[in-house]
Amino acid sequence: MIVELGHFALILALMVALVQSTLPLWGAHRGDARLMALAGPAALLQMGLVGVSFAALTWAFVVSDFSLAVVVSNSHTLKPMLYKVSGVWGNHEGSLLLWVLILAVYGAAVAAFGGNLPTRLKARVLAVQGMIGVAFLLFLLLTSNPFWRLALPPLDGQDLNPLLQDPGLALHPPFLYLGYVGLSMAFSFAVAALIEGRVDAAWGRWVRPWTLAAWVFLTIGIALGSWWAYYELGWGGFWFWDPVENASFMPWLLAIALLHSAIVVEKRESLKAWTILLAIMAFGFSLIGTFIVRSGVITSVHAFANDPDRGVFILMILGFFTGGSLILFALRAGAMEARGVFALVSRESALVANNVLLAVATFVVFIGTIWPLVGTMLLGRDLSVGEPFFNAAFSPFVVALALILPPGAMLAWKRGDIGRSLRGLIPVMVLAVALGALAFAMQTGRTALGPIGLMLGAWVGFGALADLWARTGREQGGARFARLGRLPRADWGKATAHFGLGVTIFAVSAMLAWKIEDIRIVQEGESFPLGAYEVRLDKVEDVQGPNYTSTMGWMTVTRDGEVVAVLNPEKRIYPVAQMPTTEAAIDYGFLRDVYLVLGDRQQSGGWAVRSYIEPFANWLWAGCILMALGGLLSLSDRRYRVAAGARKVPAGVPAE
Amino acid sequence: MTAFPKRRWANCPPYILALFLAVTPAWAVQPDEILADRTLESRAREISRDIRCPTCQGESIDDSNAPISRDLRLIIRERLVAGDTDAEVFDYIVARYGEGVLFNPPAEGANLVLWLAGPALFLVGSALALAAGRRRTAPEVALSAEEETRLKEILKE
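Chains as they are written, first to last, in this note's numbering: chain L, 1 to 656; chain S, 1 to 157.
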């Protein structure tokens, strides 16, 4: 009964979305206030209905209702409760329902908090948001209905893929979706502005918080996925340039570009058409991401639930929204008169350079991702593109971006002085080069990647701090510290996010360059050296877990005779899913992680053991957290609350 | 949406899986594969990172657990021990498993499009941005002689 209620609510939500996407749009065209006023309540109602539907599906998972096909293939009575709940979105149908729910929540947030938006713009934004809702609700109901009943329910389910039974991964999809779908807001605002034929500073101020929020969620989502891969897949890799990872990376890159170009719209009323185009592209890439994941056209290690019919449907959605909006763009972009003029050397130009580099970097990821598809379909060749290509073709643009970031961020608006920016950065430059040289001297005969990464990371990171310091004015001493505290949150957000980028750049290169690996056969009781450490395999025992059996090793890590950690790497077998997994044991540290993996028992006796020292691994996650925190700080800036109407724009988390 | 499971086991028929569990599951680089010669071994690792596992698509043979990846890793080491250069090893593998196993498509023929697309777009994008910038700054250019004198007059007043 509850399940049918959920199903029914979903169908009703489709009807409501149809109303939301048509009548307000007509009303805005005719200037009919009553029709425009429909948009808000419709958006709220749609959220309520999809919410009911989502709750019903969650309930079915919690009580293990095996008359539902989705529950049977993704759950099991013995599974821990956390994973019963996360199993709701650990599959195609449920994850799409979550997608639609988040879409509806964003729409409802505009309806609830967008009181200060001009009525016409609000009606149009909500109508566009409603159209996306119609498309995805149709997709859900026609091709991927989670409420499909089985005539003969089995006694128990087939369990969720054991690799997915993990706290990090339980939260990974919701965050990514909050990000992907959050970009739909920027898209809806862009299309609404195209229909109105008007973009001004106020528009930039409305779009930016939504993009910022979406970007923060994407950052957290991607970092969670990367962290999961790091500790779960058993060899400390954190990024694979896999099509599905790229699918989330491309919108992330474009969201950064959009964030920065929207600043120019907001402050200088320039780059309007380009910003609109970016908003369309960013959401377009979210849809392409959904297409790549859901269709399985590009083979990926992530491919799990895919189906060509669904792919075609998403391709149609993608064609309709990006195609339609691009046509609209072509017709209306001319109306977007730029007001602010700027010199070749100016903050605006620096942000244009940022945008060009980010757009090109995104394009490189895109072409690398679809190239195997081009190979099969157009060239008749079987081609692969992997890490070596991306390292060679993508990295240069990131390096260029990192190089121009500190001086660019300090240039004045309208007309800047590059010499002055650079003079302010001389201490940073000296520090960065010194650190790089020091690292180069300390490492002997290793790749130059580590020192270069350190230099670049320090340049960006300390450059961000220098920028913040420069904003405190020209007086001496204490007064500047006092002013530091009074700087707007946006300044702090900018510095924090840029500093986080520096940390991330350094950590990535450190992990790639300075990783220590050891693979060997170890007898119980035997020790072996690992970098500055000594590792002893004390014993290996079988242990019973809640829904798995485990072969667990006890390993003691010592340094100069002092015990650093006792770690328990495991090999697990999940009998229901008939799947083995490896659980690495990690001693997290400030400067390094000790990462141990237990392999197989050898016929000659002893165990295969793989051990790694992962330098600065925690800095990578810290860098991502700092970037996200920077975004949140910017979101909490006063001007979004004051200038855009007191308390009206949500100060951060529009979706909860 | 990212980071869904490695397909290691997903596409295996159950009987193969059973075989795996009964015998030792193959593991990315096993201790018994490692060559005593450290230079050769590190060359072998470098090469394996650029070869895709033919049965599992998204993984390099260096990370993959598939039996065929183990075979390929052993072949690479065999060839290196026999004195092949890195290029010869790649050719040897491509001749047997097709160019689809190369993670790093060589920049020649149609693949040039892949390699040059980014730099080309960068040049076009920069040119467009510069052109747009010129246009934008154009109205600001110098005052005419007349305006100049008029300005001086005003300033004098």
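Because the hints were derived from the structure by calculation, they are not lab data. No residue lacks a Cβ here, since even glycine has one placed at the ideal position from N, Cα and C. A portion of the hints provided could be inaccurate.
The following label-pair restraints were derived from C-beta to C-beta distances [claimed, not checked]:
no.: 1; chain 1: S; residue 1: LYS152; chain 2: L; residue 2: ARG638; range: 43 to 49 Å
no.: 2; chain 1: L; residue 1: GLN602; chain 2: S; residue 2: ARG38; range: 44 to 50 Å
no.: 3; chain 1: L; residue 1: LEU344; chain 2: S; residue 2: ARG96; range: 31 to 37 Å
no.: 4; chain 1: S; residue 1: GLU88; chain 2: L; residue 2: GLY334; range: 17 to 23 Å
no.: 5; chain 1: L; residue 1: ASN116; chain 2: S; residue 2: GLY109; range: 53 to 59 Å
no.: 6; chain 1: S; residue 1: ARG38; chain 2: L; residue 2: ALA69; range: 30 to 36 Å
no.: 7; chain 1: S; residue 1: GLU147; chain 2: L; residue 2: GLY334; range: 50 to 56 Å
no.: 8; chain 1: L; residue 1: ILE404; chain 2: S; residue 2: ARG38; range: 30 to 36 Å
no.: 9; chain 1: L; residue 1: MET442; chain 2: S; residue 2: ASP91; range: 53 to 59 Å
no.: 10; chain 1: L; residue 1: GLY48; chain 2: S; residue 2: PRO67; range: 32 to 38 Å
no.: 11; chain 1: S; residue 1: ARG96; chain 2: L; residue 2: ARG446; range: 30 to 36 Å
no.: 12; chain 1: S; residue 1: THR85; chain 2: L; residue 2: ARG446; range: 31 to 37 Å
no.: 13; chain 1: S; residue 1: ARG96; chain 2: L; residue 2: ARG601; range: 51 to 57 Å
no.: 14; chain 1: L; residue 1: GLY334; chain 2: S; residue 2: ALA127; range: 16 to 22 Å
If you want the footprint, here are the derived chain S segments under chain L, 3+ residues with CB under 8 Å [what the hints assert, rightly or not]:
no.: 15; stretch: 95-108
no.: 16; stretch: 115-122
To give an idea of the interface, some chain L residues facing chain S are shown, with a C-beta separation under 8 Å as derived from the structure [to be verified]:
no.: 17; residue: LEU344
no.: 18; residue: VAL360
no.: 19; residue: VAL364
Quick rundown of the hints versus the structure:
Between LYS152 of chain S and ARG638 of chain L the beta carbon distance is about 45 Å. The supplied range of 43 to 49 Å therefore holds. At roughly 22 Å, the beta-carbon separation of GLN602 of chain L and ARG38 of chain S lies outside the given 44 to 50 Å, and the hint is violated. One distance hint, 31 to 37 Å for the beta-carbon pair LEU344 of chain L and ARG96 of chain S, is violated here, with the actual separation near 55 Å. Separated by about 58 Å at the C-beta atoms, GLU88 of chain S and GLY334 of chain L break the suggested range of 17 to 23 Å.
A hinted range of 53 to 59 Å for the beta carbons of ASN116 of chain L and GLY109 of chain S is consistent with their spacing of about 57 Å. In this structure, ARG38 of chain S and ALA69 of chain L break the distance hint of 30 to 36 Å, their C-beta atoms being roughly 54 Å apart. The hinted range of 50 to 56 Å is not satisfied by GLU147 of chain S and GLY334 of chain L, whose Cβ atoms lie roughly 31 Å apart. The beta-carbon spacing between ILE404 of chain L and ARG38 of chain S, approximately 41 Å, falls outside the hinted interval of 30 to 36 Å.
In this structure the hint that MET442 of chain L and ASP91 of chain S lie 53 to 59 Å apart at CB is violated, the actual value being about 39 Å. With their beta carbons about 53 Å apart, GLY48 of chain L and PRO67 of chain S fall outside the hinted range of 32 to 38 Å. About 34 Å separates the C-beta atoms of ARG96 of chain S and ARG446 of chain L, a value consistent with the hinted range of 30 to 36 Å. For the pair THR85 of chain S and ARG446 of chain L, the supplied restraint of 31 to 37 Å is violated, since their beta-carbon distance comes to about 23 Å.
Between ARG96 of chain S and ARG601 of chain L, the C-beta spacing of about 33 Å breaks the proposed range 51 to 57 Å. The hint said 16 to 22 Å for the Cβ distance between GLY334 of chain L and ALA127 of chain S, and at roughly 21 Å that hint holds. Counting residues of the stretch 95-108 of chain S whose CB falls under 8 Å from any CB of chain L gives 8; the rule of at least 3 is met. With 5 residues having a beta carbon nearer than 8 Å to a beta carbon of chain L, the stretch 115-122 of chain S meets the requirement of three or more and the stated coverage holds.
Restraint check, LEU344 of chain L versus chain S: the minimum CB separation of about 6 Å is within 8 Å; hint holds. About 5 Å separates the beta-carbon of VAL360 of chain L from the nearest beta-carbon of chain S, less than 8 Å, and the hint is met. Nearest Cβ of chain S to the Cβ of VAL364 of chain L: about 4 Å, under the 8 Å cut. The hint holds.
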